[in-house]
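Chemist: Use these hints to put chains B, C and D with the ligands onto chain A, whose structure you have.
Protein chains in written order, with the working numbering: chain A, 114 to 529; chain B, 197 to 393; chain C, 14 to 989; chain D, 231 to 321.
Take these hints with a grain of salt, some might be off.
Unchecked claim - Okay, derived cross-link-like pairs now, DSS-like style, lysine-lysine, Cα gap no bigger than 27 Å in a straight line: (1) C:Lys152 x C:Lys66; (2) C:Lys534 x A:Lys133; (3) C:Lys534 x A:Lys210.
What the hints assert, rightly or not - Residues from chain D that keep clear of chain B, each with C-beta distances beyond 10 Å, as calculated: (4) Glu246; (5) Asp252; (6) Pro263; (7) Ala275; (8) Arg278; (9) Trp280; (10) Arg292; (11) Val309; (12) Gly310; (13) Thr315; (14) Glu321.
Note that these hints are calculated values from the structure, not bench results. All residues carry an ideal CB built from backbone N, CA and C; glycine is no exception.
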Amino acid sequence: MHYSGLRLLREALTGNRGWKPAWRDPVPRREYDVIIIGGGGHGLATAYYLAKVHGITNVAVVERGPIGLGNTGRNTTIVRSNYLLPQNHNFFEWSLKLWEGLEQDINFNAMVSQRGVLNLFHNEGGRNAAARRGNAMRLDGIDAELLDREQVRAMCPLVDVDNGRFPVMGALLQRRGGTARHDAVAWGFARAADARGVDIIQHCEVLGIDVVDGRVRGVQTSRGPIRANKIGLAVAGNTSRLAQMAGVDVPIESHVLQAFVSEAVKPLVDQVITFGAGHFYVSQSDKGGLVFGGGLDGWNTYAQRGNLPVVDHVWAAGIALIPALSRLRGLRQWGGVMDMSFDGSPIISTTPVAGLYMTAGWCYGGFKATPGSGWCHAWTIANDAPHKLNEAHRLDRFRTGHLLDERGNGPFPWLQ
Amino acid sequence: MSVVDPVSPLGNTLVPGRHGAAGDGAVRIAERRCDLVQVFARKGRAGDVAAAMLARFGSDLPGPGHTFDAPAFSALWVQPDGWLLVAPRSPEGALAKSIKAACGDTASVVEQTHGRSVIALSGGRAAWVLGKLSSLDLHGREFGPGRAAVSPVAGLSCVVHHRDAAPSYDLIVFATFARWFVTSLTHAAEETGYIVE
Amino acid sequence: MTQGFRTQTGGRIDRSQTLAFRFDGRSYAGHPGDTLASALLANGVRLVGRSFKLHRPRGIFSAGAEEPNALAELRGGARREPNTRMTTAELYDGLEAASQNRWPSLRWDLLSLNGLIAPLLSAGFYYKTFMWPAAFWEKVYEPLIRRSAGLGRAAREPDPDRYDAVQAHCDVLVVGSGAAGLAAARVAGAAGARVTLCEQDFALGGGLLSAPAHGAWREATLAALAAMPDVTILPRTTVFGYYDHNVVGAVERVADHLAQPPPHTPRQRYWTIRARSIVLATGAHERLIAFPDNDRPGIMLAGAAETYASRFGVRAGSRALLFANNDAAYASLFALQDAGIAVAGVVDPRTESAGAEAARARGITVWADSQVTGASGGTALVGARVARRGAGGGDTLVVADLLCVSGGHSPAVQLASQGRTPLEWSEALAAHVPGPATLDQHSAGAANGVLGFAEAAADGARAGAAAARAAAADIPLPGAGDAAYGLLPFWEADVPGKAFVDLQDDVTANDIRLAHREGYKHIEHAKRYTTHTMGTDQGKSGGLVGAAVLAAARGERVQDVGLPTFRPFTSPVTWGAIAGPHIGQQFAPTRLTALYDWHVRRGAEFMDAGQWLRPAFYPIPADADAWASVLREARAVRKTVGICDVSTLGKIDVQGADSAAFLDRLYTNTFSTLPVGRARYGLMLREDGIVFDDGTTSRLATDHFFVTTTTANAGPVMAHMEFHLQTCWPELDVQLASVSDQWAGMSIAGPKARATIGKIVQDLDLSDAAFPFMAVGDGSVRGCPVRVLRISFSGEQAYEIMTPAGYAETVWTAVLEAGEEYAITPYGLEALGLLRIEKGHVAGSELNGQTTAADLGLGRMVKKRGDFVGRALSQRPGLTDPDRPVLVGIRPATRHDRLRAGAHLVTPGSTESLGWITSVTRAVELEGWIGLAMLRGGAARQGSRMQAAFPMLDETVEVEITSPHFVDAENLRVRG
Amino acid sequence: MIRIACPFCGLRDETEFAYRGDATVSRPPADAPIEDFHDYVYRRANPRGWHVEWWHHAGGCRQFLKVVRHTMTHAVHSVGLASSTQVVPPE
Ligand SMILES: Cc1cc2nc3c(=O)[nH]c(=O)nc-3n(C[C@H](O)[C@H](O)[C@H](O)COP(=O)(O)OP(=O)(O)OC[C@H]3O[C@@H](n4cnc5c(N)ncnc54)[C@H](O)[C@@H]3O)c2cc1C
Ligand SMILES: NC(=O)c1ccc[n+]([C@@H]2O[C@H](COP(=O)([O-])OP(=O)(O)OC[C@H]3O[C@@H](n4cnc5c(N)ncnc54)[C@H](O)[C@@H]3O)[C@@H](O)[C@H]2O)c1
Ligand SMILES: Cc1cc2nc3c(=O)[nH]c(=O)nc-3n(C[C@H](O)[C@H](O)[C@H](O)COP(=O)(O)O)c2cc1C
Ligand SMILES: [Zn+2]
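If we strip away everything but chain A, and leave its shape as in the complex, we get (with noise of 0.2 Å):
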């Protein structure tokens, strides 16, 4: 069933009565030729890409609750390229232009909304840390700017840009960075990987890998088992243990990252502005609330809920930020687990096991990463290696010391 406005006209002309299922409810069938475990956006990417890329088709997304109520239906969907490290910009802005094309691609709208992306900074090491990464962007043909403090406070006149604790210097600006609707992103390709033939098997929970003589042959499930000899992980904060159960370690902790969202209002912020100095950010969602975050609660956690300190500072941060936020009221508060590399950067990797492949470590920023992740993967588990763009995100960078620290802050997943 194609999605359009002329679709629409004649559904609500006859009671909406004749739209249908966004994706099958199918029986999970004893085999496949890819197992995808986990029904998240990089999961259900995976599936498209390689369904629409590689003609892999004979293939299942097994997801163990309904699917895209992991990260991707909790993350503040920030959407942007802007990294340091030509490995990640290059595959970041891969993902960029796959979301520039999407919503005519799969036929769903996620709201792909390029409003432009903010990172402040307030002092010289900011301005030349930004400097740095906004240039190696432009060398490598993706937008960047250098905002001085009089352009933030023009496009940005409610940030306090000279009182604060931390005065504005000035931003790097992507402006084709912005945000997408989150559940969308899920449901789209979901709607779109069904529509191709990949079986989305939801309330299927993968309790064990079969690993036999070094090679993957299938999982067990809530279900019973289910037999591939290509399995793919995109398990986010669940990946260590998903990982263990085929016998591999995986330099990755599970962390809460904490979002907030306030009561609705009429636009209020027009882009998404990232604090540095305070550890905040913020954009407005299209339905008016203003959805934001800050830092990681800073321990190991598999609990999806928020604790009290980071809600203070996180607050307080936007505040400082924009001050006409005070009387704002905040509507909810909750959490996700995250899969944090030991160098802040995600693995997009074969593993020692053949076929098992996995895509994860994705931190803070894995929402960006959906499409282009889903395409890398599926191009390693269809190629059995890595595509380019992924080479440098291997497993075994750790034990070779090729890391990508983007930041710095070394093998502390909790700084990352």
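Modeler: Just chains B, C and D with the ligands, lined up with the frame of chain A:
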């Protein structure tokens, strides 16, 4: 003794007089100029240090959370085998020297007179004001005269010493943060009003 | 305007005083004790708002925090508060409020035309369209959607009010002051527990406030509580979230009931309460029933209408019809009747009930086995259509301007659920009740599924005793009432139409079914697809109804469908309250050196350096610009002598028999060979082999070292030392103390450095022979003790003088006076940076957590023998790769060209970055700009030319690659 | 808010502490192969359940404490000194 008096790290941050709300709930805020010395027992020498301190100064070395008022100083437990001694001002370095002399190589002695500021907060509503900045349980059942705790106040490292039942608290903070700290404290005390001597 | 709907007597308002207020520009009157909602109702105002999507007219629906419709912009200007629930806003004299989400006016709202195309705006419609042409989303569709979405308008200026925060502890926290909460507090208090009771309402009593019969019990209990010294009662305090380890967050509205806070009084206060045990006595939320047009102004929850009548002395209408499936709602109707509201009858889906009997006894018509099939009226209700259930057609129109609705009561389990208590299904209530708690947590009263004042109070007493770990106490309880409830689960009238399950977000039962048809069958999918329960009320009165509609569509039981996760905040929380006092300069600590006042007097320009405020430079009138100051200062150091405040360096006192061995294990170089009285530059790695920090370490005695760290890493290095000492090598005898604040430091640098300080330093022989480069010794200056270190960061002859911070100004002034004859010049951070770049010393931009010792040209500092932190992993191939960028110097090929940090080094015609510029400055030793850079193949490229590209400024500068040491590469001057 | 009972200072808020991760790994001896150092730094327990971890009482007594904490409920089971061998997850 140096020919000059050390300068307070507070500068003019505390303005003498009455501030904030009127009424009779005002608290008192003051800087106390003290000598401060940290004493750490060397590995396995805590017993020797305790004996030396008792013999030379008549001071017990208190256990966690507690203080001991010796004639020359108050000893505050700050970490395992580590104490902070707080005394009235004396010639520069004299207290540290006498401690070192008493303990010899059984203890490491570190002068901190200039490294910490002692801010005194007192009055009937002092616990209410302090409770805005500290997550210690200051209720009488948990804390009281003779007790001390190392715990952040206004987000800054602090030793909180409950000196008497007024109640009076000594808040011992890092000197380079002292102005910011005192500003936080006076903001917190605006609601009750506060008096700076 | 007169308060035409105010009763003559009754209620908890103070009729002796009149308060004037304005709504949408019109003036009205109310009384102390009113909410904005009760006062508007008293004045006969019915239409108060517009809904989110369809802009349908809306009235007051509830009498509390669960309000979905009656949201207003309260106050104005910098104090404007959007989306304020009129039902909780306490009336004060001069209150100003305005309706929101309408244009041009509340009555004539253009976007109410949305209603005409409502079928197009079905759940999730936006996911299916607005995709063509692609560029139109940001340009056309999204701005349109954004403007029509949102509710009220936020203020656009900083908030003039102040906020406060308190850290609190108690044995027993009681949330809610209804019959259950009061009883719990009293029992716990009597048992000697420290009790804190939070009540979001400004009046204490919960449902008791609407029950005159229990007034005496309420008063007596409050009096008993007031007499207990360890009981703290906090009215106007909403517990917004329940967090791990029994810690809750609450916000007290200290001054929201006033036009503005009195001087020195915070507007709101944020409480963080750590409770050993928690009693949740949060009551229950009455549920709506879905039927066509169930959102008309004049349709209200039955309990709310009762509250208006009994508590506020307000008739919410003239003629009331009740639509209810339980007996409790009949009691509400009777209260309305007693307050003088005419009763049109009762529509009850049950065939028979105790309530119906009682109603008939009062002469009230009861349509049993019936349902409301529709409501008529636009901006105000005029009547409802009533029909037998399942009859199909044959409606009777009943005239009424007030339709009271009660679909049952759902215990307010939000906090219990956040506190990880599983929910169980109660058949009797057709709602979730708390199951066994895992934390020290006790639900009580209506929140525990126990209705009725007497029963709730008894349940509260039980919970209070359990929380206080006391035996059940005998306290007086309110007299028992009529406990009949007799609920028949009934969620939705089975007739077509726009039947809302979420009033604020315009979600209808059909939307839920559409979501189900499209595969969004899980409750969390249905929620997100339709936005059901996502408004400011979080579905308090309609959440379960939507779940029931979904359950019906799925052919399952409601309890198997469940509810969306309860999260903080139970009610929306003011942002400024949580920020508390941490605003403006108090957002983060500022650290000042002992010389700060001197710098201020000297007119320094300051800059932020981490938490520190440090002088960047000291302008004088002759300086044309900032660079002139910086160059002048740096030149003074190179030519004669300068002085700089370096107090911000981290300083750690290391003592103990094993100090030297300890430092050997932490640093790449060796300290056990360092003689007493000497200092050594040290390099420290992280365990992953990357450079962590550098600094000088002096040996004061065999068992005593004085370590300095970079300013930024003072804290982290201390923690790093403690970590290794305590967890890796606990056998070592080492004691650590931070002495960063004890010592102020000043660097005196330049050819005349010794000449200058030689005049004032006493008790220490500074002659080159006695005190060579890297010597350390104690002396005095003007009677102040000093520690002098002969170390240099600038490449010049230089000394660091450390002195106890209280003497900093004395010593500093002494140096200035001594250096007067050499025109000694104070220099700031900028000149310091200039000098170190000229000398090729690495700092923060190079020690950025990504570089190895070899990258920085410091490979020779790494010892070949013996273990140290970072040794093993620094040998990984990725870290020893010869192609890694290494430190080089750069100069523009054309000397007057400007260099910029953050530019990348490329070969002409290529866009491949081979390195980047880390630090730049204008130089004083050389002409023009110089810089440091990290460059691949850097050693081999020295002497060659490259391009420094800064594409963000469209700038490319040809540069020469040089050694990073622009000045005195042989280190002769420092020894001179 | 996690609250940790420091054996020295008593029950304190998590904000007084700095987290330092898995406390079950120990630094290999000097002559151990690089692989062991890799495991010490990068191979860290990440269980859903009880986790033994370091918390530095940075705002208090400055001790590194060994804490057994549950990564779903966040309950703290036991707290001990760095040297303690008793601080282990419950059965
Ligand atoms: C608060 C927050 C804010 C964020 N903000 C941003 C942002 O602004 N921009 C950005 O780019 N990124 C952001 N992120 C990160 C981003 O959300 C994630 O990196 C990304 O969504 C991960 O997608 P995923 O598909 O890998 O994981 P998920 O969406 O979490 O999907 C993993 C799925 O695996 C399933 N699963 C787990 N175990 C099993 C099992 N045993 N069997 C079957 N299925 C299993 C889970 O149920 C889950 O559905 C944020 C994250 C959080 C928590
Ligand atoms: N209109 C009425 O007559 C009416 C209304 C409610 C309850 N009742 C009756 O009262 C009895 C139940 O008594 P109860 O004590 O269990 O409930 P209750 O409704 O009387 O009291 C609950 C109290 O908790 C407060 N509260 C809820 N959430 C809060 C939060 N997060 N923070 C702070 N305060 C919060 C509410 O404002 C309310 O005052 C029942 O008989 C019930 O039928 C009657
Ligand atoms: C971008 C974004 C916007 C959101 N907007 C709202 C909102 O307007 N109202 C609301 O109740 N929740 C909103 N939420 C929060 C969700 O209701 C939900 O809390 C979150 O997705 C996490 O799921 P959970 O709370 O079910 O665990 C939003 C979440 C995100 C990621
Ligand atoms: Zn401690």
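Chemist: State for each hint whether it applies.
Modeler: Hint by hint, here is what the structure shows:
With a CA separation close to 21 Å, the supplied pair Lys152 (chain C) and Lys66 (chain C) stays within the 27 Å bound. Taken as a hint, the Lys534 (chain C) and Lys133 (chain A) pair is honoured in the structure, with Cα atoms around 13 Å apart against an allowance of 27 Å. Between Lys534 (chain C) and Lys210 (chain A) the CA atoms are separated by roughly 32 Å; this puts the pair beyond 27 Å, and the hint is violated. Residue placement check: Glu246 (chain D) does not keep its beta carbon more than 10 Å from all beta carbons of chain B (closest about 6 Å).
Remark: the non-interface label on Asp252 (chain D) is consistent with the geometry, its nearest Cβ contact in chain B lying 23 Å away (cut-off 10 Å). Every C-beta of chain B lies more than 10 Å from that of Pro263 (chain D), the closest at about 31 Å, which supports listing it as non-interface. For Ala275 (chain D), the condition that its CB be more than 10 Å from all CB atoms of chain B holds, with the nearest at approximately 27 Å. Separation of Arg278 (chain D) from chain B is adequate, the least Cβ-Cβ distance of about 29 Å exceeding the 10 Å criterion.
The claim that Trp280 (chain D) is not at the interface with chain B holds, since no C-beta of that chain comes within 10 Å of its own (minimum 26 Å). A Cβ of chain B approaches the Cβ of Arg292 (chain D) within 10 Å, the least distance being about 5 Å, so the stated non-interface status is violated. With a minimum CB-CB distance of about 14 Å to chain B, Val309 (chain D) clears the 10 Å threshold, and the non-interface call stands. Its beta-carbon lying about 13 Å from the closest one in chain B, Gly310 (chain D) satisfies the requirement of being farther than 10 Å from that chain.
With a least beta-carbon separation of about 18 Å from chain B, Thr315 (chain D) lies farther than 10 Å from that chain, consistent with its non-interface assignment. Every C-beta of chain B lies more than 10 Å from that of Glu321 (chain D), the closest at about 30 Å, which supports listing it as non-interface.
The structure fails to meet hints 3, 4 and 10 from the earlier list, while all remaining hints are met.
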